[in-house]
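Those protein sequences? They're chains A and B, same order as listed.
With this note's numbering applied, the first sequence corresponds to residues 1 to 309, in that order.
With this note's numbering applied, the second sequence corresponds to residues 1 to 254, in that order.
Hints listed in this document are in silico derivations from the structure and should not be mistaken for laboratory results.
The reader is advised that the hints may include incorrect statements.
Unchecked claim - Pairs of lysine-lysine residues, derived as DSS-like cross-links and limited to a Cα-Cα distance of at most 25 Å, are as follows:
hint	chain 1	residue 1	chain 2	residue 2
1	A	LYS215	A	LYS191
2	B	LYS11	A	LYS215
3	A	LYS101	A	LYS191
4	B	LYS40	A	LYS208
5	A	LYS208	A	LYS191
Said to hold, decoys possible - Facing chain A, a subset of chain B residues (Cβ under 7 Å, in silico):
hint	residue
6	TYR26
7	PHE100
8	ARG114
9	ILE122
10	VAL123
11	MET126
12	PRO168
13	ARG172
14	ALA175
15	GLY179
16	ASN181
17	ALA183
18	VAL207
19	THR213
20	ALA214
Yeah, the Cβ is synthetic: ideal placement off N, Cα and C, and Gly gets one too.
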Amino acid sequence: MFFSKSDKLLFYSTLPLIGGVLGILLILSLMVLTQSWPSFQRFGLTLFTTSAWSPSDDPQKEFYGLSAPIISSLYVSALSVLMSVPVSICLTLTMIEILPKHLGAPLRYVTEVMGGLPTVIYGLWGSTTLAPFLRDQVMEPLHTYLGFIPLFSCRPFTGHSILVASMTLAVATIPYVTALLIEGYYLIPSKYREGAYSLGATDYEAYKIMIGILKPYIVAASLLGFSRALGETTIVALTVGNSMRFSICFFDPVHTIPSLIANQFESARLYEYALPALFAGALALLLISLVASYAGIRLMYGWRERIHV
Amino acid sequence: MYRLPDSRRFKNRVMLLIIIAVSILYVTPLISIIYTAVEKGGTTLVEAGLSFLTDLPPTPLSSGAGGIAPALVGSLLASILAILISTPVAFLMAFYVTEFPRHSLSRVCEVVVRSFSGVPSIVVSMFVYSTVVISMGRQSLLAGSLSLSIVTLPYAYVYFTSAFRSIPESLREAAMSLGMNRAGALIHVYVGVLRGSIVTGLLMSYVRAFGDTAPLLFTMGFLMNAVFAGVLQQSNAIPLNDIRIRAITLRELP
Numbered sequence: 001m002f003f004s005k006s007d008k009l010l011f012y013s014t015l016p017l018i019g020g021v022l023g024i025l026l027i028l029s030l031m032v033l034t035q036s037w038p039s040f041q042r043f044g045l046t047l048f049t050t051s052a053w054s055p056s057d058d059p060q061k062e063f064y065g066l067s068a069p070i071i072s073s074l075y076v077s078a079l080s081v082l083m084s085v086p087v088s089i090c091l092t093l094t095m096i097e098i099l100p101k102h103l104g105a106p107l108r109y110v111t112e113v114m115g116g117l118p119t120v121i122y123g124l125w126g127s128t129t130l131a132p133f134l135r136d137q138v139m140e141p142l143h144t145y146l147g148f149i150p151l152f153s154c155r156p157f158t159g160h161s162i163l164v165a166s167m168t169l170a171v172a173t174i175p176y177v178t179a180l181l182i183e184g185y186y187l188i189p190s191k192y193r194e195g196a197y198s199l200g201a202t203d204y205e206a207y208k209i210m211i212g213i214l215k216p217y218i219v220a221a222s223l224l225g226f227s228r229a230l231g232e233t234t235i236v237a238l239t240v241g242n243s244m245r246f247s248i249c250f251f252d253p254v255h256t257i258p259s260l261i262a263n264q265f266e267s268a269r270l271y272e273y274a275l276p277a278l279f280a281g282a283l284a285l286l287l288i289s290l291v292a293s294y295a296g297i298r299l300m301y302g303w304r305e306r307i308h309v
Numbered sequence: 001m002y003r004l005p006d007s008r009r010f011k012n013r014v015m016l017l018i019i020i021a022v023s024i025l026y027v028t029p030l031i032s033i034i035y036t037a038v039e040k041g042g043t044t045l046v047e048a049g050l051s052f053l054t055d056l057p058p059t060p061l062s063s064g065a066g067g068i069a070p071a072l073v074g075s076l077l078a079s080i081l082a083i084l085i086s087t088p089v090a091f092l093m094a095f096y097v098t099e100f101p102r103h104s105l106s107r108v109c110e111v112v113v114r115s116f117s118g119v120p121s122i123v124v125s126m127f128v129y130s131t132v133v134i135s136m137g138r139q140s141l142l143a144g145s146l147s148l149s150i151v152t153l154p155y156a157y158v159y160f161t162s163a164f165r166s167i168p169e170s171l172r173e174a175a176m177s178l179g180m181n182r183a184g185a186l187i188h189v190y191v192g193v194l195r196g197s198i199v200t201g202l203l204m205s206y207v208r209a210f211g212d213t214a215p216l217l218f219t220m221g222f223l224m225n226a227v228f229a230g231v232l233q234q235s236n237a238i239p240l241n242d243i244r245i246r247a248i249t250l251r252e253l254p
């Protein structure tokens with residue numbers, strides 16, 4: 001591994017740098033844990049099984065429960081992944097396979113530009129344009145005609161809701177997921193495509209085979225997109241409606257963990273247990289998104305090694 | 001010659017059309033975003049002219065549109081400072097991890113840093129708040145850029161590792177055969193080969209830092225009455241102005 005003494009020296013001279021970065025990331029995790037400790041001591045597991053946000057000047061009367069924001073975070077992110085992954089697959093196929101090169105390249109630039117847009121722009125667009133549009137054109141009719149389905153059973157109020165938040169999140173994460181899928185699609189050996197066509201498959205059947213080969217990679221990309229959506233603050237805080245409850249209905253406003261933190265952090269310093277409770281939420285968020293990213297990365301690497309035998 | 005059955009031809013056509021339609025549908029949000037921005041912001045921009053970029057924000061008593069100078073300067077400075085911290089570190093880490101891939105430390109580094117590209121940026125903001133801001137006693141431009149640099153580091157790292165992996169093996173072997181050690185190869189060969197990627201990586205991290213809001217939420221502070229007050233003083237950023245005002249107005253809905 002080391003060709004010479006100077007290489008060895010080079011490697012060990014960088015230990016402080018690598019150690020420093022790893023140290024910061026470790027301290028970050030530990031910090032979140034220690035900051036949230038008082039709330040665990042005070043509330044125990046009820047912090048994650050109940051849903052309440054009632055700060056009080058008297059520390060004895062304070063009570064916090066984070067179950068609703070945590071479940072809503074998962075719900076909103078999962079919905080956004082369900083919306084973004086099929087669109088990303090279509091975009092990948094269109095760019096690489098269907099459109100000729102001089103038309104596919106501009107589409108790719110457009111998605112890359114959308115990936116670089118500041119999230120606050122998506123948030124503003126979602127809250128000022130998409131929310132009223134969806135409320136009038138989609139939510140009202142769905143509620144009126146299909147209100148007996150639990151998903152559509154609640155009356156849309158301002159438009160800021162689970163549906164708008166997850167849709168805006170999906171629009172914002174599609175460029176990221178698409179970039180991952182394109183990278184994976186180019187890794188598929190061309191023998192599969194050639195094999196499919198030589199057996200007389202139509203274009204669509206050939207794509208289906210290619211997507212089938214890509215499946216583990218798609219799962220990995222969904223996991224990474226999920227973890228991205230889970231941590232997204234600005235978009236969600238502006239579009240999700242910010243209400244402390246859980247609802248399965250698409251048109252209800254809820255709180256996710258990041259939006260709860262964004263809204264309550266400034267005032268949380270005034271109360272004894274509010275800040276630790278927010279840190280407990282951050283800890284849950286950190287754990288879930290680290291596990292999702294790690295699983296996604298492992299799956300991706302495993303697939304890459306298997307496909308190149 | 002064998003002719004495909006009509007059902008298969010039909011299905012093929014329909015599915016291809018659906019795939020293309022969904023892809024084109026995805027471009028509509030971009031058009032809508034641009035339209036919304038021009039429609040809502042265009043008149044203000046035209047009325048205020050260039051002074052919109054150089055003036056202070058309006059006070060409650062003033063009548064004009066005011067400007068966004070503090071936010072603009074704060075955003076630019078914080079993101080430049082952030083990539084000055086994060087990209088060199090990310091570049092060197094990417095170099096070591098790709099050059100010594102078998103070392104156990106490299107493996108740990110690879111997994112940890114990649115996993116942290118999924119870390120919620122608001123958690124980073126809380127972390128910097130409770131370490132840097134609390135110990136300094138106030139929010140500052142420096143705290144904001146530290147927070148941004150933690151967020152951009154994994155992105156820059158992922159970008160630079162794939163850049164290093166794309167160096168052809170022949171160039172690497174040629175450098176070694178000339179008797180260079182790895183540091184020499186980095187300075188004389190890799191940097192030259194990668195100069196395009198380095199610039200792209202810098203720009204991408206910069207865009208990332210410039211557009212991100214959450215890391216600055218609790219760390220940058222708020223500055224309205226001056227364009228720039230110093231690195232260790234409070235500052236402002238473009239995305240913050242809006243999210244603060246919105247967070248207040250939208251805070252408690254039924």
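Evaluation of the provided hints:
1. A/LYS215 / A/LYS191: holds (17 Å)
2. B/LYS11 / A/LYS215: holds (22 Å)
3. A/LYS101 / A/LYS191: holds (21 Å)
4. B/LYS40 / A/LYS208: With a Cα-Cα distance of about 43 Å, the restraint between B/LYS40 and A/LYS208 is violated, given a limit of 25 Å.
5. A/LYS208 / A/LYS191: holds (15 Å)
6. TYR26: Interface hint status for B/TYR26: holds (6 Å vs cutoff 7 Å).
7. PHE100: holds (6 Å)
8. ARG114: holds (5 Å)
9. ILE122: holds (4 Å)
10. VAL123: holds (5 Å)
11. MET126: This interface hint holds because 6 Å falls under the 7 Å limit.
12. PRO168: violated (17 Å)
13. ARG172: Interface hint status for B/ARG172: violated (11 Å vs cutoff 7 Å).
14. ALA175: violated (11 Å)
15. GLY179: Given a least distance of 9 Å, the restraint on B/GLY179 is violated.
16. ASN181: holds (4 Å)
17. ALA183: holds (5 Å)
18. VAL207: holds (5 Å)
19. THR213: Where the cut-off is 7 Å and the nearest Cβ of chain A is about 4 Å from B/THR213, the hint holds.
20. ALA214: At about 4 Å, which falls below the 7 Å cut-off, the nearest Cβ of chain A leaves the hint on B/ALA214 intact, so it holds.
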